[in-house]
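Chemist: The residues making up each chain are set out below.
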Amino acid sequence: MDFQIVELLQSILIVSGIATVLAILMVIADATIGNYGIMNLLINKEHKHSVEGGKTLLNTLKEEGVFIPSACGGRGSCGLCKCKVTSGGGDYLPTELSFITKEEQKEGIRLSCQIKVKRDFEIEIPEELFNVKEFKAKVASIKDLTHDIKEVRFQLLEPNEISFKPGQFVQVQVPEYEFSNESVYRAYSISSSSTEKGIVELEIRYVNNGICTTYVHKYLKEGDILTLTGPYGEFYLRNTDADIVCVAGGSGMAPIKSILHHIEEQKISRKVTYIFGAQGKRDLFLLDKMKEFEKNIPNFRFVPALSNASPEDNWDGETGKVTEVLAKYLSDGSNTEAYLCGSPGMINAVIEVLKSKGVKEEKIYYDKF
Amino acid sequence: MNGTETLGVFAIFFAAAITNNILLTMYLGMCSFLAVSRQVKTAIGLGTAVVFVMTFTSAINWLIYEYLLIPFELEYLTYIVFIIVIAAFVQLVEMIIERVSETLYNALGIFLPLITVNCAILGAALFMIIRKYTLLSAISFSAGSGAGWMLAIIIMAGIRQKMGTSKVPKGLEGAGITLIIAGIMSMAFMGFTGMMNLN
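If you read the protein sequences in the order shown, they are chains A and B. Quick note on our numbering: the first sequence kicks off at 1238 and runs consecutively. Quick note on our numbering: the second sequence kicks off at 439 and runs consecutively.
No lab work stands behind these hints, which were simulated from the structure alone. Keep in mind that a hint or two might mislead.
[As the list claims (entries may be wrong)] Below, computed lysine-lysine pairings styled on DSSO-like, alpha-carbon distance capped at 27 Å:
| no. | chain 1 | residue 1 | chain 2 | residue 2 |
| --- | --- | --- | --- | --- |
| 1 | A | 1339 | B | 600 |
| 2 | B | 600 | A | 1343 |
| 3 | A | 1355 | A | 1321 |
| 4 | B | 479 | A | 1339 |
| 5 | B | 479 | A | 1355 |
| 6 | B | 479 | A | 1353 |
Model the full structure from these sequences, guided by the hints.
Modeler: Put into structure tokens, the structure is as follows:
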């Protein structure tokens, strides 16, 4: 009996001994060969950072407070976190090649979640990314705008102010929950005014089985705390004198609303026409707000258009596709800027109409989702 | 070391590589064989990694078996101990290669995680126990097995690269035709049996 116990203890001891020795070896290796020391990271030739080496560029930058947009969180599956590396990147890795084209390789574009900082690095990123921060935000209110769109207002806690250009978007970090066993990031345009610096308001449309939209529509409560990063995006109101045409559908309302707030507050007197496409009357929302804008903005016209109005809708406004309505309202586009937000199909069709009306291609700004 | 033993060590190497090819006669290490045999270049990278890891882990495992497991009569723990050793070794080697040479890491290092769970590695370690090899024979056997595995995957990658231009019936594309080719290769290698044999 005793002999058996001794034998048992002996075997446990030996196996755990082997495992312990190997584990210690790994820890030593991690602290010695895995330790790359302090590296210099030079961003856009002027910002110098001393960083701890050995981690991926994406995470290193995050620790330095520079947030490169990434949807998959660094697993190398979304291909969004591209950035230009001018020195230190080394050879391309097989894991990068599926996202980087030959032309991008010539320019030195890398996938920042794949390459590790093992030398001094020099990189170039768009200047706007310096403005990108990570915010802790509390859900202040959730409101139904239509049967499938909710308006969520966040009160920013830490940091408590955001400065963004009207039209830009933030990324919402959805935590793990019942239907998603990992945290994901999704992008939403800000719909609130850029002068309301403590607030981020989003309009989120329910998508069947969407990880983030399901979370927002079925789980999110007032008082919950989420992480937002932003602002991102090249879609924002340009400061010129040209006429403005906005075309949006569904939750594409959000960035346009932010732009309209800006035009109202800055008392901009440019001519603004906003065509909003919806299926039926139940898909229209914020009509009172639009009336208010029409009153306060001297040269603004809101044109809702229903593509599939039913008799019960009792609709006497515009009907048909947004492209048809746009063609009707825009006669000469030579001095017009266009801001479009909606599905890729809608945007591509609208761009065709705009070009045929003489709107210059570089004056057409859009946000596809 | 006398003359016959030296000859024995070489015989074991060639027998393990050719007549008793671990992949084509035992069908061990199939998953990475099927998955990473699209290009000769990557096949060479993976093959080299297998030779390297197989040789070193077998030597370490032989020492642990001989000086720890046998004296304490713990042979029944062979499997778990071998697997732990292989996994830790692969991890360490990956870290070292990443540190020492970036070229080597890009060519070889990225394959290392793939072979932690390659059954050919564990297989070779277990065969050397079953066949009661001495340390020298065990090293030569596992180096030979690794070389044989590398030979097989390079041949397969070469064939598959050539096959890129030929028409494969729809239902057999991918793994299907690869398994058939592996079967034919295996039969071809049977032609070597009788030249020398391991047992």
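Chemist: Decide, hint by hint, whether the structure agrees.
Modeler: Cross-check of the supplied hints:
no., hint, result
1, A:1339 / B:600, "holds, 25 Å"
2, B:600 / A:1343, "violated, 30 Å"
3, A:1355 / A:1321, "holds, 16 Å"
4, B:479 / A:1339, "holds, 20 Å"
5, B:479 / A:1355, "holds, 26 Å"
6, B:479 / A:1353, "holds, 24 Å"
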